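Student: Chain A is fixed; fit chain B onto it per the hints.
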Amino acid sequence: MRYWLSFFFVLIVASLAVVGIAGFQGSKSRKPPIEIFPDMDRQPKLRPQAPNAFFTDGKSSRPLLVGTVARGSHYQDTPFNTGRLPSSTNFVAEMPVGLTAKLLARGKERYQISCVPCHGALADGNGITKKYGMAVVANLHDKRIVSMTDGEIFNTITSGKNLMGGYGANVTVEDRWAIIGYLRTLQLARLGLVNDVPAELRAGLK
Amino acid sequence: MSDIFPKWTNKLPLRLLLGVMIVGSVVTAGVTYYFTPKYTRVGYQPIQPVPFPHTVHAEQLGLDCRYCHNGVEQSWFSNIPSANTCMNCHNQVLASDARLEPVRESFRSGQPVSWVQIHKTPDYVYFNHAVHVNRGVSCVHCHGPINKMDEVYHAKPLSMSFCLDCHRDPAAKIRPPEEVYNLNWVPPENFAKDKGAKFVHDWKVNASQNCSTCHR
Chain A
1 MRYWLSFFFV
11 LIVASLAVVG
21 IAGFQGSKSR
31 KPPIEIFPDM
41 DRQPKLRPQA
51 PNAFFTDGKS
61 SRPLLVGTVA
71 RGSHYQDTPF
81 NTGRLPSSTN
91 FVAEMPVGLT
101 AKLLARGKER
111 YQISCVPCHG
121 ALADGNGITK
131 KYGMAVVANL
141 HDKRIVSMTD
151 GEIFNTITSG
161 KNLMGGYGAN
171 VTVEDRWAII
181 GYLRTLQLAR
191 LGLVNDVPAE
201 LRAGLK
Chain B
1 MSDIFPKWTN
11 KLPLRLLLGV
21 MIVGSVVTAG
31 VTYYFTPKYT
41 RVGYQPIQPV
51 PFPHTVHAEQ
61 LGLDCRYCHN
71 GVEQSWFSNI
81 PSANTCMNCH
91 NQVLASDARL
101 EPVRESFRSG
111 QPVSWVQIHK
121 TPDYVYFNHA
131 VHVNRGVSCV
141 HCHGPINKMD
151 EVYHAKPLSM
161 SFCLDCHRDP
171 AAKIRPPEEV
181 YNLNWVPPEN
191 FAKDKGAKFV
201 HDWKVNASQN
211 CSTCHR
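Protein chains in written order, with this note's numbering: chain A, 1 to 206; chain B, 1 to 216.
Okay, chain A solo, but in the shape it has when bound (with noise of 0.2 Å):
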């Protein structure tokens, strides 16, 4: 009885030392996961975004060489890249891609991911950011704005304007242009008077 009593103390003992020290399943832990069989699990590959020793930068994303263009970028100097008249600054004054309800249902959704934090879903410039300190945000409703050409909204979208970071990074070229689409029928429905509404729908407006 005396030995079993022991080898009982023994194994509880044990196994709370063990549960104590490595604690319980799903506890918050500081520390990298331990990878029990590390068989290939960490290759000599390049991952994106990941550190790599090799280069003198540490990067493993490479940046592009000066004259290189990376494969399905939009190089090309034409309206639908740049926004430009080819070889030269002026803008192009109408978005060079047809507008469909398809692009305009692509261009809201993006709108609302890229622009509505700080423009707002009105495209007024009141934005959620602006209780949190984002003074100056363009109210896209502004005749100045209104008037602008489809080319400079392009540019402003691609790099960005005075505090506004440019988005070229986040959005693609096809998706600025469907932002700019649905952007216009934003700015059109602020100036829209009651005759633009077709007369049959027009009982259900206020």
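Honestly, the hints are just simulated from the structure, not real lab data. One or more of the hints may lead you astray.
Simulated crosslink set (PhoX-like; lysine-lysine; CA at most 25 Å straight-line) [what the hints assert, rightly or not]:
#	chain 1	residue 1	chain 2	residue 2
1	A	K131	B	K148
2	B	K156	A	K31
3	B	K195	B	K120
4	B	K195	B	K173
5	B	K193	B	K204
6	B	K148	A	K130
7	B	K204	A	K102
8	A	K28	B	K148
9	A	K31	B	K11
10	A	K31	A	K45
11	A	K28	B	K195
12	B	K148	A	K31
13	A	K59	B	K156
14	B	K120	A	K45
Only part of the chain B face toward chain A is listed, based on derived beta-carbon distances under 8 Å [unchecked claim]:
#	residue
15	L17
16	G19
17	M21
18	G24
19	Y34
20	V42
21	P46
22	Q48
23	E59
24	G62
25	N70
26	E73
27	N84
28	P122
Note that this is a predicted model, so its numbers are computed, not measured. Backbone N, C-alpha and C define an ideal beta-carbon position, used for all residues, glycine too.
Tutor: Relative to chain A, chain B alone:
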């Protein structure tokens, strides 16, 4: 002839056997409990250079995940935003807050902020974000309630059995594409049975279980 073995040794083999069995089951229980990604990974919450709160940005401000992780729909990799993305707002909001100094430093120098990667499959596993999020699999299934996290931690095991549980029955998890980025979405009753199965059929969702799907 006196006894070589005293009487109590008769019971020794039995006792030893019993003891080994008890120790064995305790050790087995311990290994099952601890030698699994449910223990090794879940809860991993590294100290980040900037204590970036998803609660403030994703929940309170209502930013869409794609505002920052804009590659998630196009690529296997869901990018971490560059300092430029942060500075769009933080050039005006908390513009001289000490916590954001690494971001401003990165913005000036072009050297990335050294975020610590939390979710990382082994290199022999092929994973792809785009196929999942474009087919109605939400971030919340694989990352947990990120929008409620002050600091991101590893919430799901991301083990092979975790992946396969869903690949065997995607209808139970799938949701309309417009709700993928809404982590608070709760499916209406019977959604999986009625709509989920219909999505899987209509969109020809093929969550393959072939080894070569994930090990290529």
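Student: Give a verdict on every hint.
Tutor: Here is what the structure says about each hint:
1. A:K131 x B:K148: 21 Å, holds
2. B:K156 x A:K31: 17 Å, holds
3. B:K195 x B:K120: Roughly 32 Å between the alpha carbons, so the hint for B:K195 and B:K120 is violated.
4. B:K195 x B:K173: Distance ~11 Å between B:K195 and B:K173 Cα, so the pair holds.
5. B:K193 x B:K204: 16 Å, holds
6. B:K148 x A:K130: 23 Å, holds
7. B:K204 x A:K102: 23 Å, holds
8. A:K28 x B:K148: 15 Å, holds
9. A:K31 x B:K11: Status violated; Cα separation ~48 Å.
10. A:K31 x A:K45: 24 Å, holds
11. A:K28 x B:K195: 36 Å, violated
12. B:K148 x A:K31: 22 Å, holds
13. A:K59 x B:K156: 28 Å, violated
14. B:K120 x A:K45: OK: B:K120 and A:K45 at ~14 Å, within 25 Å.
15. L17: At about 13 Å, which exceeds the 8 Å cut-off, the nearest Cβ of chain A leaves the hint on B:L17 violated.
16. G19: Because about 6 Å separates B:G19 from the closest Cβ in chain A, which is inside the 8 Å limit, the hint holds.
17. M21: Hint on B:M21: violated, closest Cβ of chain A at ~12 Å, above 8 Å.
18. G24: With a minimum Cβ separation of about 11 Å from chain A (threshold 8 Å), the hint on B:G24 is violated.
19. Y34: 6 Å, holds
20. V42: This interface hint holds because 5 Å falls under the 8 Å limit.
21. P46: 6 Å, holds
22. Q48: 11 Å, violated
23. E59: Hint violated; B:E59 Cβ to chain A Cβ min 12 Å, cut 8 Å.
24. G62: 6 Å, holds
25. N70: Holds - the Cβ of B:N70 comes within 8 Å of chain A, reaching about 5 Å at its closest.
26. E73: 10 Å, violated
27. N84: 6 Å, holds
28. P122: Check passed: Cβ of B:P122 comes within 4 Å of chain A, closer than 8 Å.
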